[in-house]
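Numbers 1 to 77, taken from full-length UniProt numbering, label the letters of the sequence shown in order.
Source of the hints: derived by calculation from the structure; they are not laboratory data. Hints should not be assumed to be uniformly reliable.
[Claimed, not checked] In silico lysine-lysine, BS3-like type, Cα no more than 27 Å apart, as pairs:
(1) Lys-13 - Lys-23
(2) Lys-5 - Lys-23
(3) Lys-52 - Lys-13
(4) Lys-16 - Lys-52
(5) Lys-13 - Lys-2
[Stated by the list, open to error] Using C-beta positions, here's what the derived DEER-type ranges look like:
(6) Arg-34 - Thr-62: 24 to 32 Å
(7) Ser-10 - Thr-62: 26 to 34 Å
(8) Glu-27 - Lys-5: 12 to 20 Å
In this text, all values refer to a predicted model and were calculated from it rather than measured experimentally. Beta carbons are placed, not taken as given, at the ideal position from N, Cα and C, and that holds for glycine.
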Amino acid sequence: MKTIKISLDSIEKVKKFVTEINKFNSEFDLVSGRYTIDAKSIMGIFSLDISKPIDLNIHNETIVNEVMEKLAPYIVE
Numbered sequence: 001m002k003t004i005k006i007s008l009d010s011i012e013k014v015k016k017f018v019t020e021i022n023k024f025n026s027e028f029d030l031v032s033g034r035y036t037i038d039a040k041s042i043m044g045i046f047s048l049d050i051s052k053p054i055d056l057n058i059h060n061e062t063i064v065n066e067v068m069e070k071l072a073p074y075i076v077e
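Full structure from sequences and hints, please.
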């Protein structure tokens, strides 16, 4: 599993992120504090505090590079 930090600080970013992440046939989780939700769930994402960076867990190691390339606009250092 690979974890990267992403920023989804607007409704538009959340919508675009969910569209991109749903193109992958794999499991992804978003972790914010003690909450973990399915990264493909737009309703789940809106239950988190999106004003702060969120951890994205990529469960399939073989697609990490492809995912990071597609999600580059959301990745924060």
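Taking the hints in turn, this is what the structure says about them:
no., hint, verdict
1, Lys-13 - Lys-23, "holds (16 Å)"
2, Lys-5 - Lys-23, "holds (20 Å)"
3, Lys-52 - Lys-13, "holds (13 Å)"
4, Lys-16 - Lys-52, "holds (18 Å)"
5, Lys-13 - Lys-2, "holds (22 Å)"
6, Arg-34 - Thr-62: 24 to 32 Å, "holds (29 Å)"
7, Ser-10 - Thr-62: 26 to 34 Å, "holds (31 Å)"
8, Glu-27 - Lys-5: 12 to 20 Å, "holds (18 Å)"
Hint compliance for this structure: every hint is met.
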